[in-house]
Amino acid sequence: MRPPSPSDVLIAGTGMVPFRRYADGSTPRDWVRAAAGEAIAGAGIEPDAIDAVVVGCESDHFSLQLAPGALMVDEIGLVPRPVMRVESGGGSGANALRAGILHILSGLYRCVLVVGFEHAASHLAGDDARALYALSFDADVDGMAGASAAALYALSFQDHMARFGSTMEQCAAVSVKNHGNALKNPLAHKPLALSIADVLASRPISTPYRLLDCSVISDGAAAVVLARADFASATGVPRVRIAGSGCAADHVRLGDRAEPGRFASKAAASRAAYAMAGIDDPSRAVDVAEVYDSFTGAELQGIEALGLCADGAAGPAMLGGAFGRDGRLPVNLSGGLLGQGGPPGAVGIAQAVAVTRLLRGTYWEGLQPARELRVGVIDSHGGIATVSIVHVLERLS
Amino acid sequence: MTTGPAARIVDLTMTLRYRHGLGALSPYFAGLEAGVARGTRCASCGRVWFPPRLICTCGSAKLGWLELSGEGTIRHATEGPATLPLSGLSGVFVFGLIALDGASNLAFGRIAGDRPARAGARVRLAAAPRGAVHPAQACVYRML
Numbered sequence: 001m002r003p004p005s006p007s008d009v010l011i012a013g014t015g016m017v018p019f020r021r022y023a024d025g026s027t028p029r030d031w032v033r034a035a036a037g038e039a040i041a042g043a044g045i046e047p048d049a050i051d052a053v054v055v056g057c058e059s060d061h062f063s064l065q066l067a068p069g070a071l072m073v074d075e076i077g078l079v080p081r082p083v084m085r086v087e088s089g090g091g092s093g094a095n096a097l098r099a100g101i102l103h104i105l106s107g108l109y110r111c112v113l114v115v116g117f118e119h120a121a122s123h124l125a126g127d128d129a130r131a132l133y134a135l136s137f138d139a140d141v142d143g144m145a146g147a148s149a150a151a152l153y154a155l156s157f158q159d160h161m162a163r164f165g166s167t168m169e170q171c172a173a174v175s176v177k178n179h180g181n182a183l184k185n186p187l188a189h190k191p192l193a194l195s196i197a198d199v200l201a202s203r204p205i206s207t208p209y210r211l212l213d214c215s216v217i218s219d220g221a222a223a224v225v226l227a228r229a230d231f232a233s234a235t236g237v238p239r240v241r242i243a244g245s246g247c248a249a250d251h252v253r254l255g256d257r258a259e260p261g262r263f264a265s266k267a268a269a270s271r272a273a274y275a276m277a278g279i280d281d282p283s284r285a286v287d288v289a290e291v292y293d294s295f296t297g298a299e300l301q302g303i304e305a306l307g308l309c310a311d312g313a314a315g316p317a318m319l320g321g322a323f324g325r326d327g328r329l330p331v332n333l334s335g336g337l338l339g340q341g342g343p344p345g346a347v348g349i350a351q352a353v354a355v356t357r358l359l360r361g362t363y364w365e366g367l368q369p370a371r372e373l374r375v376g377v378i379d380s381h382g383g384i385a386t387v388s389i390v391h392v393l394e395r396l397s
Numbered sequence: 398m399t400t401g402p403a404a405r406i407v408d409l410t411m412t413l414r415y416r417h418g419l420g421a422l423s424p425y426f427a428g429l430e431a432g433v434a435r436g437t438r439c440a441s442c443g444r445v446w447f448p449p450r451l452i453c454t455c456g457s458a459k460l461g462w463l464e465l466s467g468e469g470t471i472r473h474a475t476e477g478p479a480t481l482p483l484s485g486l487s488g489v490f491v492f493g494l495i496a497l498d499g500a501s502n503l504a505f506g507r508i509a510g511d512r513p514a515r516a517g518a519r520v521r522l523a524a525a526p527r528g529a530v531h532p533a534q535a536c537v538y539r540m541l
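Taken in order, these protein sequences are the chains called A and B. Numbering follows my numbering, in which position 313 of the first sequence is assigned residue number 313; successive positions increment by one, without gaps. Numbering follows my numbering, in which position 94 of the second sequence is assigned residue number 491; successive positions increment by one, without gaps.
Same shape as in the complex, but just chain A:
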């Protein structure tokens, strides 16, 4: 491990509220205030030290609030700071994080608050929420024809199955792992003790996917304070820097892709992030990862696209325990979207919260691996890996 250099972008503070289906009348304003306040306090700074704010949020229709950036910067008490709202579907939080990093790398700002939220689970009737999500793809060509997230992810994974022989038992192992990790995460929405048989016997949703292959839609908020190393306060905890950041897009329609089962944008985004971080072989360099597991098969497709194992090898390795807490490369110790939950504007930021705490050695008891972790990867996307955002985090000495 190396010491920080003055220009490093550090994750100086982290905060998040539990991901839930909030039925208590609380709102995104409440969650954002709480998450942002925790992140600012954790950074050891006063709110006045924040130079700019980036807000991640997917849909104004979920929250019934247009222009949420302006609302939230006022709600947090940071007027007149500059504010930017970022949307990238399920990758909204991750691209907000990337925007915050770019704010600092531009040289214009030294300390940026990134906060993401979504009111996706409890606010809007379930059928209405699903109807809106169907517009996340090519709305006129595919969405109006009946495409849902479940159907498109299912078709994408069927392509993966046809190419590599991947199985639903392998997918079920993802569900067992992630829901099981969530049992030890007090912030998680869907902690469940499951067996592979439980997953394979759950209700069909869109073949081959069943209910327990699908992530939950959650409410929630998460925040991080980013700061240049020469500005960040010493808080006594190990410092974690953003070592790499990458983003790439793919054709929005699955059928326009050469391989519908391959997450090409994720592969491209990760290559950019690894190059920035100086990583040649991610399968050896990465110690821990949070991977966008909107569906179980998407975690397998994601692990492969991120270069954490060879194409077609993630499924067998999953069944062999390689991605469990004590495996070769723990994946989704938070529980991921399957277990911790998936508010689109907050997911990518919550991944940064989890991996920062893991690299610091301060994650939840029972989830923090015994061995020291140095390099972590966080990965989100919008659409069916249509826009992918990958970051590499590194613990400094």
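What the hints contain is simulated information worked out from the structure, not anything from laboratory work. Check the hints yourself; a few may be wrong.
[As the list claims (entries may be wrong)] Residues on chain A that point at chain B, a partial pick, calculated with CB under 10 Å:
| # | residue |
| --- | --- |
| 1 | D127 |
| 2 | A134 |
| 3 | L135 |
| 4 | D142 |
| 5 | D159 |
| 6 | F231 |
Glycine residues also receive a C-beta, built at the ideal position from the N, C-alpha and C atoms.
Given the structure of chain A, go ahead and fit chain B onto it with the hints provided.
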């Protein structure tokens, strides 16, 4: 979540109405309403796109419209409960990625028929049996 005094909850309903243009893809949607598979061909690389692209993946913007036979082969299919957007039609539907004869890409669409929709089965684009609220719902792929 602690919000201080007990948080109130109110029920709200919002109805939205749109006058929705279909732009340069209009020939494609008009074709669907007529049961015709209308795609584009790239003059530079020769790729044929259904659904159409107006900029080819080779980078060329020289594409012209053409009609395909409307017959094709199921590449992948998925079945499950669904509600068609805006129409309110609910049921167990089959959707698939379909390689239309002559097309370089795959089309997403609804598949209808009495037999199980399996990869490799032949289908033909046909008018949907009921009125559609959007041209994308105006057709289904019927098993041959």
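Tested hints:
Below 10 Å, beta-carbon pairs count as interface contacts, and D127 of chain A has one with chain B at about 6 Å; its hint therefore holds. Hint status for A134 of chain A relative to chain B: holds, with the closest Cβ pair at about 6 Å, below 10 Å. For L135 of chain A, the interface hint holds, since its Cβ comes within 10 Å of a Cβ in chain B; the closest pair sits about 8 Å apart. Interface hint at D142 of chain A: satisfied, since its Cβ lies 5 Å from the closest Cβ of chain B, which is below the 10 Å cut-off.
With a least beta-carbon distance of about 6 Å to chain B, the hint placing D159 of chain A at the interface is held under the 10 Å criterion. Residue-level restraint check for F231 of chain A is violated (minimum Cβ-Cβ distance to chain B is 32 Å; threshold 10 Å).
Checked against the numbered hints listed earlier, the structure breaks hint 6 alone; every other hint is satisfied.
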